[in-house]
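Those protein sequence lines, which keep their order, are chains L and H.
Taking our numbering, the leading residue of the first sequence gets 1, the next gets one more, and so forth.
Taking our numbering, the leading residue of the second sequence gets 1, the next gets one more, and so forth.
Since the hints were made in silico from the structure, they are not lab data.
This list has only true hints and no planted wrong ones.
Just some of the chain L residues that point at chain H, by a computed CB distance under 7 Å: (1) Pro30; (2) Cys34; (3) Val36; (4) Asn63; (5) Leu68; (6) Phe69; (7) Ala90; (8) Val91; (9) Thr93; (10) Gly95; (11) Gly96; (12) Gly97; (13) Trp141.
With a Cα cut of at most 30 Å, we get these calculated DSS-like pairs of lysine-lysine: (14) L/Lys76 x H/Lys32; (15) H/Lys76 x L/Lys32; (16) L/Lys246 x L/Lys120; (17) H/Lys369 x H/Lys47; (18) L/Lys98 x H/Lys98; (19) L/Lys120 x L/Lys202; (20) H/Lys334 x L/Lys120; (21) L/Lys397 x L/Lys57; (22) L/Lys438 x H/Lys98; (23) L/Lys334 x H/Lys57; (24) L/Lys50 x H/Lys175; (25) H/Lys79 x L/Lys32; (26) H/Lys47 x L/Lys47; (27) H/Lys32 x L/Lys32; (28) H/Lys334 x L/Lys57; (29) H/Lys47 x L/Lys120.
Just so it is clear, CB atoms sit at the ideal spot from N, CA and C, and this is done for glycine as well.
As a plain string of letters, each chain reads:
There are 2 protein chains.
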Amino acid sequence: MAEKITPRSEDYAQWYVDLCLQAELADYSPVKGCMVIRPNGYGIWEKIQKGLDRRIKATGHVNAYFPLFIPEEFLKREKEHVEGFAPECAVVTHGGGKLLEQPLVVRPTSETIIYAMFSKWVKSYRDLPLLMNQWANVVRWEMRTRLFLRTTEFLWQEGHTAHATHEEGEAEALKMLDVYADFAETEMALPVLRGVKSQNEKFAGALRTYAIEAMMQDGKALQAGTSHDLGDNFARAFDVKFQDEKGEWRYAWQTSWGVSTRLIGALIMAHSDDDGVVMPPRLAAVQVVIVPIYKTEDQRRDVVAAAERIAGQLRAADLDVVVDAREGQTPGFKYHHWELRGVPLRLEIGPRDLAANQVFSARRDTKEKAALSLDGIVDHVRVRLDLIQKNLYDRAKLLRDERTREIDSYEEFKTALDAGGFFRAHWCGDGKCESTIKEETKATIRVIERDTPAVSGKCLRCDNPSERRVVFARSY
Amino acid sequence: MAEKITPRSEDYAQWYVDLCLQAELADYSPVKGCMVIRPNGYGIWEKIQKGLDRRIKATGHVNAYFPLFIPEEFLKREKEHVEGFAPECAVVTHGGGKLLEQPLVVRPTSETIIYAMFSKWVKSYRDLPLLMNQWANVVRWEMRTRLFLRTTEFLWQEGHTAHATHEEGEAEALKMLDVYADFAETEMALPVLRGVKSQNEKFAGALRTYAIEAMMQDGKALQAGTSHDLGDNFARAFDVKFQDEKGEWRYAWQTSWGVSTRLIGALIMAHSDDDGVVMPPRLAAVQVVIVPIYKTEDQRRDVVAAAERIAGQLRAADLDVVVDAREGQTPGFKYHHWELRGVPLRLEIGPRDLAANQVFSARRDTKEKAALSLDGIVDHVRVRLDLIQKNLYDRAKLLRDERTREIDSYEEFKTALDAGGFFRAHWCGDGKCESTIKEETKATIRVIERDTPAVSGKCLRCDNPSERRVVFARSY
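Build the full structure now, drawing on both the sequences and the hints.
So, in structure tokens, the structure goes:
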């Protein structure tokens with residue numbers, strides 16, 4: 001509790017780890033690369049799930065659950081897919097004390113097993129579109145892991161759909177990209193760029209991968225969600241076919257899209273400060289903490305009762321509230337405790353406040369303090385939470401905009417990258433040139449933005465003609 | 001759709017499979033022993049999760065997430081535990097293309113990995129009680145599987161707690177047993193017996209296992225939830241220790257408890273009939289279906305609009321409603337479709353109903369039909385759903401009570417078992433005698449009920465003295 005948080009300016013990576021551990025969001029586990037999501041962190045995930053699940057269902061999708069294990073042979077049916085994922089797989093070779101005839105892969109993603117089922121369920125155009133989603137754990141063997149951002153096992157949702165036409169599939173992929181972007185901006189207070197990935201960076205097996213990209217406080221990019229137009233690649237590999245209105249058999253057109261517990265890492269990295277975690281109110285597991293302040297036993301009884309009364313009013317308005325009435329801890333200790341954990345709004349109530357029919361409020365984001373009348377307290381709290389939500393978004397957007405610029409000199413680009421930021425630069429469109437840039441600078445094309453105006457220029461590195469600028473950055 | 005459901009009387013096991021597949025609750029997957037939970041089945045699981053999660057949190061527990069993989073060595077630390085679970089484990093031997101130095105077991109249950117973390121987090125009596133829960137998938141290599149009831153992979157929640165005293169741990173185990181019983185009876189409409197398991201039947205590594213047991217329509221028992229008093233067995237194996245108020249180090253006392261997707265199987269088996277699934281309204285994914293009936297296009301427009309209006313009113317009252325306005329399907333086809341899937345209440349609305357300001361309702365459980373006025377429709381629907389919920393419980397309880405009896409003759413017991421039922425019989429308390437009964441009759445002691453009066457008698461099989469009757473049955 002009394003551990004010190006490394007300041008961002010000193011060591012950004014260590015600052016992040018300090019927050020995760022000290023705020024008890026996560027912990028390292030005895031299994032290499034796997035983390036434990038502690039209750040404070042899991043509470044954020046539950047809010048993320050709730051907000052996303054609502055949006056996924058509102059767009060017509062239904063939840064289902066498919067097996068954790070995938071026959072190794074399935075993975076091999078789509079050539080690019082197996083090349084991308086086979087090196088990252090965990091493989092079950094024994095079950096029930098016996099060597100398995102065919103090894104089972106622990107799902108790194110579920111296209112193959114799900115489309116094997118789709119192939120059984122889809123027969124006619126009347127069965128389309130098939131719009132499914134699954135909340136699940138997946139495993140990708142990672143060499144270098146980082147709490148929340150990159151772990152061997154992680155939790156996610158993966159949507160999988162099948163459509164009668166490519167046009168419809170493409171529209172679905174774009175619709176879900178917009179759902180993700182709306183979720184990021186509205187709930188996570190995180191402005192994002194949206195667009196298509198380069199072929200080098202697309203999902204293994206997709207025709208096209210769309211993504212949303214956010215900027216962290218160190219200026220690095222973080223991919224916050226992807227949506228894939230799979231074309232008919234998997235339909236051909238898994239025989240997902242339907243009879244159209246004329247009775248002809250056709251391959252279905254598919255999409256998949258997902259976001260994961262990495263979003264928790266994005267929230268922490270985007271909003272927090274040197275005093276601890278800062279969480280947007282809409283996703284904070286605890287939105288308001290009330291700290292009763294007292295000296296005598298009589299005072300304690302009165303202020304704790306008042307605190308509980310206020311908590312009851314706030315809870316009735318669907319807010320998540322904790323009354324920290326622990327005895328034997330000072331108010332200062334409690335302030336620090338909840339500040340570290342990122343609770344957006346603190347209310348303090350002492351005998352004098354009670355007499356004055358008010359509470360004292362402290363915002364986590366700006367540290368601003370203000371007295372709030374107990375008359376209409378629910379509205380006062382709501383307004384403040386909305387202000388905090390908005391401020392976090394504005395702050396993140398300002399940071400991003402200030403650190404996004406056009407660049408045309410490769411030499412300048414190389415040095416500018418060290419300070420972080422998004423760089424809009426011309427690119428010739430050649431994957432080899434892109435790879436060279438990555439090798440030389442560790443920067444990748446994060447996204448080719450939708451609706452970027454075509455403005456011709458010369459490639460940042462090779463001077464070949466370019467039709468539009470793309471966004472380069474180093475990334476998590 | 002037009003497939004025939006095998007009647008219960010003809011082949012109960014096949015009837016159950018027919019329901020699962022035809023109502024599209026589940027499907028077989030290409031992975032041996034693993035099932036796919038289709039949207040209709042997963043919708044029930046989401047309702048179960050919601051109802052249980054609320055109860056788990058209301059009793060002070062918080063959710064967290066622990067790794068899927070467990071180092072093989074961990075499992076071995078608790079002797080009984082490894083004997084019970086090692087033969088059922090799936091083992092990961094390769095990761096990222098390399099042979100692992102230490103094999104990883106896919107969790108069959110998470111005591112070992114969770115308590116390794118508890119040992120890190122628990123230092124002082126102030127850290128206790130530690131009250132956690134996890135929603136997760138687990139894998140147990142099963143030889144003979146059955147949709148929902150016994151599958152290699154299944155979904156569940158597992159609660160894990162640590163306490164300062166054995167008394168407190170024991171009280172926790174019993175509290176969660178009561179939570180499960182309340183959930184089963186209130187939400188699942190499933191009367192249950194609650195009590196302790198015999199030592200033969202307890203969880204591998206527990207001191208005592210408590211369970212709730214329900215009766216299916218064929219008279220067999222189904223274990224619907226278990227709660228384990230783990231004593232300090234795992235605390236000693238994983239070094240979960242705390243300093244008490246006097247500064248002395250003590251081992252913590254622990255509990256674990258869980259229910260799984262097998263509950264979906266219990267719901268189907270307990271309530272359904274030869275026409276399809278019957279679901280209690282509180283857990284039905286779709287609670288009300290509205291079927292518009294029309295001939296002309298004008299009629300269609302009016303009744304569909306009315307159906308949507310009614311659906312809107314019901315949804316505003318938090319009910320899950322589908323309007324089946326599919327064109328090209330007859331009303332009869334739709335009735336059958338939703339009857340098969342177990343929707344508790346159907347509303348039919350045609351032009352004449354609309355003119356009379358009413359709808360026609362049909363209960364799934366009793367098939368009773370009645371006209372309902374559109375004035376106060378929400379209340380009329382609510383009342384009917386409550387009646388259905390109550391009727392399902394009463395019906396299941398009647399069935400159970402009629403088929404529960406005391407028995408003292410072992411010969412009679414052997415033949416009576418074939419007709420199914422719960423048998424209250426005297427038992428000497430010897431595990432070997434219990435095993436012989438199991439071998440000779442396939443019946444096991446389901447539960448030693450709490451608060452069974454001590455009435456002395458002679459053991460059903462060996463005539464040795466017995467202190468109380470216990471409940472025998474064949475089971476799933």
